[in-house]
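K.L.:
So you can see what is in the structure, the chains are spelled out below.
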Amino acid sequence: MAEFKMPTLGADMTAGTLIGWLKEPGDQVNRGDIIAEVDTDKGVIEVEVFVDGVVEKLLIETGAEVPVGTTLAIINENGKSAEKVTALQKTETKKPIKEKRLRVSPSARKLAEKLGIDLQNVNGSGHGGRIQRKDVELAAQEKSAVAEVKTKPKDKALEKESFTRMRQAIAAAMARSKHEIPHYYLGTKIDMSRALDWLAEENANRSIKERIIYSVLLIKAVALALQQMPEFNAVWENDELKLIEKINVGTAISLRQGGLVAPALHDTNKQSLGDLMKNLRDLVSRTRAGTLRSSELSDSTITVTNLGEQSVETVFGVIYPPQVALVGFGKIYEDVSVINGRIKGCHKINASLAADHRASDGSRGAMLLAKIDKLLQEPEKL
Amino acid sequence: MNEKEIKEKVLNLLGEIAPEVDLENVDPKVSFREQMDIDSMDYLNFVIALDEEFEAEIPESDYTKFMSLNSCVEQLKQI
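The listed protein sequences derive, respectively, from chains A and B. Take 0 as the starting number for the first sequence in numbering that gives the first Met the number 0 and just add one per residue. Take 0 as the starting number for the second sequence in numbering that gives the first Met the number 0 and just add one per residue.
Worth flagging that the hints you see were computed from the coordinates, not collected in a lab. Computed from a prediction, not measured in an experiment: that's the story for all the values here. A few of these clues could be false.
FRET-style restraints, in silico, Cβ to Cβ [as the list claims (entries may be wrong)]:
#1 N69(B) <-> G257(A): 26 to 32 Å
#2 A199(A) <-> D26(B): 28 to 34 Å
#3 K241(A) <-> K76(B): 57 to 63 Å
#4 F315(A) <-> K3(B): 44 to 50 Å
#5 V335(A) <-> S60(B): 22 to 28 Å
#6 L240(A) <-> S70(B): 47 to 53 Å
#7 S30(B) <-> G186(A): 42 to 48 Å
#8 M66(B) <-> V335(A): 23 to 29 Å
#9 G186(A) <-> N24(B): 35 to 41 Å
#10 E60(A) <-> D26(B): 36 to 42 Å
#11 K241(A) <-> E51(B): 45 to 51 Å
#12 D196(A) <-> E7(B): 36 to 42 Å
#13 L272(A) <-> E51(B): 19 to 25 Å
#14 K64(B) <-> S336(A): 26 to 32 Å
Yeah, the Cβ is synthetic: ideal placement off N, Cα and C, and Gly gets one too.
Extracted from the complex, chain A is given alone in its bound form (with noise of 0.2 Å):
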């Protein structure tokens, strides 16, 4: 039996209040599946399970505020669903998958369908499990109240207290951060000449929709230069350094009604330009909307912010606890560059490092610089 519990969503998150399950007693879950959504500092993110089994039992219902680390639901890891048994049947036969077979009232499935509703996710709560107009009712309400957790707030004190949540998980975490990380900061210019014309070569060559954005290929010199210099992709935890295999850079996204969220690009060193890319839209686009996902909230190993947008020449970072380091770049400027005696204009970007120094020193912070810079020159091996 595995327990399913609470996550930490950062080092700022202490509790979250269930929103609703998507998954119920017997249901099959894989590994990655989406088993509920939780409100959190961060708005409602969707929070994966990280066994495969079966739904044993939920512990938890849905409104309830409980702290980080709580046992949410069971899940029996050698369990089989009805569901799992179908779906061998399946793949064994080729026939389509059977579904629930349910008892209703009639004038339960007039309105389910009235409003919508899939009676398959309906808890029936008659003789037998028989689904009443209650039910639906009851279904109904769950559903607009998750609805309206996702949109957009348009209450203006909803909005208010979303925002001011977010501020205050944003000030536990950097407060957290200056407090207890011993920062260093080190920066370096970085041509960006040779990037930019490779890159606009590169775009001319695809549609609309597959064009990159030059910050794919900062977070991805990022990600490289860490697989050279694994002491920076590593978190600082009960006095010690724990380095971490997989590469997952945390993006600084910032969110339009105020804050930021950091959310994690996973095996940012393995992925292709042209995924990254991919991926990075997606991301924003979720972070906007308020449908991340928990994984991407916990797993970021180290975080790039690219606060050139707002046209700032240098960003002097404060690294998010527990990593132990972040990497910033300004704007892209105009520039001259003198090689062997002769001088030529450029395009530039400031490269800053803010590094813990219990986790590092200066002179391997200045060598992770470097290799950043040395693989923005050669943008075709990215």
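Guided by the hints, dock chain B onto chain A, whose structure is given.
P.N.:
Relative to chain A, chain B alone:
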């Protein structure tokens, strides 16, 4: 499509990409990025939306011609 219709459509597309923008007070002469909180991802989404709405395959080198409401309308009138 006349100028007024093009303008309305462009503003609607902007509103979808940046819902907080006060569409009635967009200065048509000033670039979008100077007066709105939109980043390069938003701008790419805007260009994609223009492509879908007006069937205008805009090369990246022409992005600067679509930076303000007035310049957008001028360009789209020719399509």
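K.L.:
Against each hint, give a clear statement of whether it holds in the structure.
P.N.:
Hints and how they fare:
no.	hint	verdict
1	N69(B) <-> G257(A): 26 to 32 Å	holds (30 Å)
2	A199(A) <-> D26(B): 28 to 34 Å	holds (29 Å)
3	K241(A) <-> K76(B): 57 to 63 Å	holds (59 Å)
4	F315(A) <-> K3(B): 44 to 50 Å	holds (47 Å)
5	V335(A) <-> S60(B): 22 to 28 Å	holds (23 Å)
6	L240(A) <-> S70(B): 47 to 53 Å	holds (52 Å)
7	S30(B) <-> G186(A): 42 to 48 Å	violated (29 Å)
8	M66(B) <-> V335(A): 23 to 29 Å	holds (26 Å)
9	G186(A) <-> N24(B): 35 to 41 Å	holds (38 Å)
10	E60(A) <-> D26(B): 36 to 42 Å	violated (51 Å)
11	K241(A) <-> E51(B): 45 to 51 Å	holds (46 Å)
12	D196(A) <-> E7(B): 36 to 42 Å	holds (38 Å)
13	L272(A) <-> E51(B): 19 to 25 Å	holds (23 Å)
14	K64(B) <-> S336(A): 26 to 32 Å	holds (29 Å)
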